[in-house]
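**Student:** Protein chains in written order, with this note's numbering: chain A, 890 to 1223; chain B, 890 to 1223.
What the hints contain is simulated information worked out from the structure, not anything from laboratory work.
Any given hint might turn out to be false.
Repeated chains share a single entry, so a pair holds when one copy, or any two copies, can fit it.
Unchecked claim - Using 25 Å as the maximum straight-line C-alpha spacing, the simulated BS3-like pairs for lysine-lysine come out as follows:
no., residue 1, residue 2
1, K948, K1104
2, K1194, K948
3, K948, K1146
4, K1146, K1051
5, K1221, K983
2 protein chains.
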Amino acid sequence: MATPSTAGRPTPERIFNALNAYQQTAALRAAIELDVFTAIGAGANTAAALAAKTGASEKGVRILCDYLTIQGFLTKEHGRYALTQESAIFLDRKSPACVGSMAGFLGTERARSIFDSLTLAVRNGGSVWSEGDNTKPNDEFWVAFARSMAPLTVPSSEFIAKLLRAEEGKTTKVLDIAAGHGMYGISVARKNPKAEVVALDWPAVLQVALENARKFGVADRYSVREGSAFETELGSGYDYVLLTNIFHHFDVPTCEKLMRRVYGALKPGGKAITLEFVPNEDRVSLIMLANTDSGDAYTLAEYEKMFRNAGFASLSLHPVPEMPQQVMVSEKSA
Amino acid sequence: MATPSTAGRPTPERIFNALNAYQQTAALRAAIELDVFTAIGAGANTAAALAAKTGASEKGVRILCDYLTIQGFLTKEHGRYALTQESAIFLDRKSPACVGSMAGFLGTERARSIFDSLTLAVRNGGSVWSEGDNTKPNDEFWVAFARSMAPLTVPSSEFIAKLLRAEEGKTTKVLDIAAGHGMYGISVARKNPKAEVVALDWPAVLQVALENARKFGVADRYSVREGSAFETELGSGYDYVLLTNIFHHFDVPTCEKLMRRVYGALKPGGKAITLEFVPNEDRVSLIMLANTDSGDAYTLAEYEKMFRNAGFASLSLHPVPEMPQQVMVSEKSA
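In isolation and in its complexed conformation, chain A is listed as follows (with noise of 0.2 Å):
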């Protein structure tokens, strides 16, 4: 994220790229909005052939990919703009790992809006947003999410499926909590022919999910609970209940709530499947701070006595590659 300091006297430059920094989020969106990775992936690869297929001014163009040069989403040569390999797989919209869509909630205004007043949260130690209660619904705010992020859920979600050996299709009951677009719960669904998923989410947001569920093929095996999970029927006997990216979002007492009625719904032997960024002892939740009323980063040492208190004896660490996430995996006794 930060560039070490050039080496050499002190120079406020890297003061002054943090205070701009907005403008790579307003940039990339810019470009992303204008598809100008795709156009660059099909052939027009100078601000001319740009302008004429985008629709942008030429200057325009030119001047918003100079800077996305700099800042090392394209190259230039002799005039000509080339993707690097990680546009050309991320951002290009022809590429089935595109990510774009991201910039349907990551960067949007309304995400930059919550950190206008981020002082305010640092004075009051939680979010001065007004929808900042993550146990109540706010289905414009989660459905633009499990619509723009599932891209992003790729890695870990194949990892999930892997752990809970998917590919050896043993019959399967899995709860997904708070399944946003589903990708969790569908992977396992897709990869083991014979899982069953139950999905809970507020009703709007479940939408996105049986659509991604009828998309992958498997919505025969998926079905839904509508609700909070703090108050919905979660059913029982699951094999395993998914926690993904769910605890965060929680103080301590609402976070032990929640273990203690994931660990009621397995059946004995079952095993809930958390996953989170687990810091060390640094913690860098800002954005939980700014979004919500009492989040926060926990460490390994937090969650092991949260999940402790809710009734699960152990609780084993697996990173999931490349990618700044864990999986905590905790077994209720047989």
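Assemble the complex: chain A is given as a structure, and chain B must be docked to it using the hints.
**Tutor:** Positioned in the frame of chain A, the structure of chain B alone reads:
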């Protein structure tokens, strides 16, 4: 600015970071606003001590400082924060080189809101901001600039004073066009007790320049001309005309028009001193696209042509040490 891609399989991490880069701006602004760096410099180095000193919540200030640690603006060991060398020099208000005032201009809500319509600016090839015409006064914007950005000019204004051999103490008449905070002309006057400076800018902005002239003890050799650099009578017989960070705001014909007026105002053998970021083949003036109707970052070849059209036969280039800026010196034939 951009961190190089990590080795191994490509990941969307840098894309993710760029879409969230606006958070770097928000975090640094919040820390400056809460005066966290000054508090740490004064010994409040735990979250609890910082909370007491800044009036923020302990949780809030811990999360903010942990994020700043990740970004490289602080260090943290055993729960105690410390300033980096850079932060101690440039962000502790007790340091004479503090640039914290830049947060009064860079990354402000106003600055950010202009980038909200970057996609449109790329389509248009120029700002959609109603105040993007820099031939008109725009008091609020330029007064904020003048008040906030003076600290950043120290290296380049000292370099210009040296180029002008101010320390030789010859009688010198200097015109500072679009003077802003006035620091370029003031720096010459401080080094040369026989220098007389005339500053030109919009009336409200000149108040800031006059304040600075008084502050640095050169007010008796400092006079002002109010109005547009394109219309106001400039006077004549100048040894030097300073044109610092002005051309990038305008299109080529407007730049040439200004430079012709400068040529007329110089005495024979006098010099036009231009400070700019002069890019090579690749240009990076995204901020000009978002902010101005018709500005750009011109290359050296373009400046040579514009200045030649305005009457200057030659141009010499002098990079400012350790800054990404260049000074161009153009002499009027004797």
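**Student:** Looking at the structure, which of the earlier hints fail to hold?
**Tutor:** Hints 1, 4 and 5 not satisfied by this model.
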